[in-house]
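J.: So the sequences go chain by chain: A and B.
What the first sequence shows, in numbering that gives the first Met the number 0, is residues 0 to 164, in sequence order.
What the second sequence shows, in numbering that gives the first Met the number 0, is residues 0 to 595, in sequence order.
These are computed hints drawn from the structure, not numbers from a lab.
All C-beta atoms in this analysis are idealised placements derived from N, C-alpha and C, irrespective of residue type, glycine included.
Among the clues, some could well be false.
As the list claims (entries may be wrong) - Below, simulated PhoX-like cross-link-like pairs (lysine-lysine); rule was C-alpha separation at most 25 angstroms, straight line:
#  : chain 1 : residue 1 : chain 2 : residue 2
1  : A       : LYS28     : B       : LYS229
2  : A       : LYS108    : B       : LYS388
3  : B       : LYS482    : B       : LYS542
4  : A       : LYS106    : B       : LYS576
5  : A       : LYS112    : B       : LYS576
6  : A       : LYS106    : B       : LYS254
7  : B       : LYS92     : A       : LYS31
8  : B       : LYS310    : A       : LYS31
9  : A       : LYS108    : B       : LYS579
10 : A       : LYS112    : B       : LYS536
11 : B       : LYS465    : B       : LYS536
12 : A       : LYS150    : B       : LYS482
13 : A       : LYS108    : B       : LYS576
14 : B       : LYS334    : A       : LYS150
15 : A       : LYS150    : B       : LYS229
16 : B       : LYS310    : A       : LYS106
17 : B       : LYS181    : A       : LYS150
18 : A       : LYS150    : B       : LYS310
19 : A       : LYS150    : B       : LYS92
20 : A       : LYS28     : B       : LYS565
21 : A       : LYS150    : B       : LYS315
22 : B       : LYS536    : A       : LYS150
23 : A       : LYS150    : B       : LYS588
24 : B       : LYS159    : B       : LYS254
25 : B       : LYS588    : A       : LYS106
26 : B       : LYS565    : B       : LYS529
27 : A       : LYS31     : B       : LYS229
28 : A       : LYS106    : B       : LYS590
29 : A       : LYS31     : B       : LYS254
30 : B       : LYS181    : A       : LYS106
31 : B       : LYS181    : A       : LYS31
32 : A       : LYS106    : B       : LYS579
33 : A       : LYS112    : B       : LYS579
34 : B       : LYS389    : A       : LYS23
Unchecked claim - If you want the footprint, here are the derived chain A segments under chain B, 3+ residues with CB under 8 angstroms:
#  : stretch
35 : 14–24
36 : 81–95
37 : 113–120
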Amino acid sequence: MSKIKLTKVPFKGTAEQEAQLMEKLAVCKNMKGGLMPALQSAQEIYGYLPIEVQRIIAKEMGVSLEEVFGVATFYSQFTLNPQGKYQISICMGTACYVKGAGELVDKCKEILKIDAGECTEDGKFSLVATRCIGCCGLAPVATINEHVYGKLAVSQIPDILKNYQ
Amino acid sequence: MFRNHVLICGGTGCTSGDSPKIRELFEKKIKEAGLENDVKVIMTGCFGLCACGPVVVVYPEGSFYSQIKPENVDEIVNEHIIKGRIVSHLLYKDPEIKAQETVTSLNETNFYKKQSRVVLRNCGVIDPENIDEYIAYDGYQALYKVLTEYDPQQVIDIIKQSGLRGRGGAGFPTGLKWQFAKNAVGDIKYVCCNADEGDPGAFMDRSVLEGDPHTVIEAMAIAAYAIGSKQGYVYVRAEYPIAVNRLSIAINQAKEYGLLGNNIFGTDFSFDLEIRLGSGAFVCGEETALMTSIEGNRGEPRPRPPFPANKGLFGKPTILNNVETYANIPQIILKGPEWFASIGTEKSKGTKVFALGGKITNTGLVEIPMGTTLRTIVEEIGGGIPGGKKFKAAQTGGPSGGCIPAEHLDIPIDYENLIAIGSMMGSGGLIVMDEDNCMVDIAKFFLEFTQDESCGKCTPCRIGTKRLLEYLEKIIEGRATLKDIDDMEKLCYYIKDNALCGLGQTAPNPVLSTLRYFRDEYIAHVTQKKCPAGVCKSLLTYKITDACKGCTLCARQCPVGAISGKVKEKHVIDTDKCTKCGVCMSVCKFKAVIKE
């Protein structure tokens, strides 16, 4: 599992978000094995899983914070750090890799001056080298939020990023 | 009655190519022409030929339009649908069929001709969000037959006779697995479906869920009846939003129709199904880890025995099969075990779906009878390697599998043969590599993956894969000795023998199989400090040949100023300054920059 980097960004959860979370937790509490669905809902609401949110989940689900933290850090989809407004995910599945996905990551790192797994200072872009998203026919593939870019060439990266600036 | 059907692929590949917008436009234009009662537009699952997406097929002619853009919709509606004239310039062009310029029907193409679709039978045929279409294609008839004509043991006997083996990895006989779970004592039993397709480069399970979700629901209900279970779970990757969505729709429709829930078909059999989302952990494809994850814990595997058939999910007897395995079940019940057993080889029955990817013309999903040769898949169905490059190896089985070199292209594909040549069936990813791929680099790619995904529970995997990766990095950077290669090989066998679960035990396979067939490539990295394929950056040097015209373009583009030379004179690269970014090579108009 990858290294755990804790965020320094202060927690800015709203009362409205907490109410939403409580609603979901009420359902998950009565589910067999409800901790994963609870964390998935929390991430949907807050965009990430700050320690403050994990504390609420632990209390409501009746498990220790250690257990919640253990599960949250085990799975790569859960993130303890806030994500950029635009999430750039570059697929590092085999099909994409043999078609040069590694170079796409390098180019993004170079332009955004961040490492994979990080967010730019202005909070605009975050970059992840993601697991196979199953669009192997379009390799190499990147997604920015919901939009999928297929059959990418390194030379297209600067223009694509400019569109989001 | 509709006079035309317009089928638009709604698989993940084509969806990213704008197929939902294409569907909207078709519906709009057809309505404008006042033909909404004559022409039906349907969004289907994956057609398989993802390389040519987005795909649109118009029936009754079966015209196979490929790489359709929203702006082509007008022409297809005006010409084909209104005037009945097929738009030939938009039809799929099969490179093999030279006599005629275009092909009209799917089955005439080389890509489909050699395939035999059992698992994918409904993908690209029906609307996956409409249960009536599934029912019209014999859907839920197998469940009806089972519930009204067979007792549970007869169902298991049929599956045993068919010879069906698990499609997720090791190929364990499915009927036997069900038998163990049936024999297990317990009042509560579970049926699980593994849709956590973690193998990078494989997407058949996703395509079945996207294109034909009801077949999985039906099969799981049949399995539940056979072992005496009332509750099922489908564990799906969260990376597959379209699949999750269509499966939820399908489950709700099945509940509405009384095909899930209490007293199905008026019998005393009841069965319910729940979706659980994975959260991106490769190890959760391992059966014990998957169950631990459904229980809401860190998805770590545990030692077996006890096997899940006796002590599985929540400590109860459980069966777990993957999506592709389940997709075979309704057909086996309806057509009989003899029919299924007549397809394939002696020990591997039926078909196998492969996800063709990498350096191949027709990337996409193919379903072939077991025993088809790799050559048929790569050269005939796959249309060979683009750009006139030479085939180097095909990788099957993902991070647990191995590379198959050109000398084994004619081996019939089945479980035993693939193991014998040092690879494995795995879930069916098939990545083709050409002469530009470095096999040491590929081994490192897979090791990075397994090392990152190692859950850390057992030492051989947690530390062993890390050390393996370090050996590979040493080789790639030109710091290794020949002894390192031997030590690395020994470590591989140590991990294989000692790791706790399938992920760890198979993690060294990519290294072992590339060592077996491409040892000289490893040796070249070590002794000559060269990467024969020109991939490993540390071992490359860029050079300018006499073809240089002195245009100065490379010198101006070089980010570190490593290139010097006068106008109209040959330029030189300062190898100490060069960062090997390759910009000079990509900008040179005279192909004067080479890498060695």
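J.: With reference to the structure, classify each hint as holding or not holding.
T.: Hints and how they fare:
no., hint, verdict
1, LYS28/A - LYS229/B, "holds, 22 angstroms"
2, LYS108/A - LYS388/B, "violated, 31 angstroms"
3, LYS482/B - LYS542/B, "violated, 32 angstroms"
4, LYS106/A - LYS576/B, "holds, 20 angstroms"
5, LYS112/A - LYS576/B, "holds, 22 angstroms"
6, LYS106/A - LYS254/B, "violated, 49 angstroms"
7, LYS92/B - LYS31/A, "violated, 52 angstroms"
8, LYS310/B - LYS31/A, "holds, 17 angstroms"
9, LYS108/A - LYS579/B, "holds, 17 angstroms"
10, LYS112/A - LYS536/B, "holds, 21 angstroms"
11, LYS465/B - LYS536/B, "holds, 21 angstroms"
12, LYS150/A - LYS482/B, "violated, 41 angstroms"
13, LYS108/A - LYS576/B, "holds, 21 angstroms"
14, LYS334/B - LYS150/A, "violated, 41 angstroms"
15, LYS150/A - LYS229/B, "violated, 45 angstroms"
16, LYS310/B - LYS106/A, "violated, 49 angstroms"
17, LYS181/B - LYS150/A, "violated, 48 angstroms"
18, LYS150/A - LYS310/B, "violated, 46 angstroms"
19, LYS150/A - LYS92/B, "holds, 20 angstroms"
20, LYS28/A - LYS565/B, "violated, 74 angstroms"
21, LYS150/A - LYS315/B, "violated, 46 angstroms"
22, LYS536/B - LYS150/A, "holds, 23 angstroms"
23, LYS150/A - LYS588/B, "holds, 23 angstroms"
24, LYS159/B - LYS254/B, "violated, 29 angstroms"
25, LYS588/B - LYS106/A, "holds, 22 angstroms"
26, LYS565/B - LYS529/B, "violated, 31 angstroms"
27, LYS31/A - LYS229/B, "holds, 15 angstroms"
28, LYS106/A - LYS590/B, "holds, 23 angstroms"
29, LYS31/A - LYS254/B, "holds, 21 angstroms"
30, LYS181/B - LYS106/A, "violated, 55 angstroms"
31, LYS181/B - LYS31/A, "holds, 23 angstroms"
32, LYS106/A - LYS579/B, "holds, 14 angstroms"
33, LYS112/A - LYS579/B, "holds, 19 angstroms"
34, LYS389/B - LYS23/A, "violated, 55 angstroms"
35, 14–24, "violated (count 0)"
36, 81–95, "holds (count 4)"
37, 113–120, "violated (count 0)"
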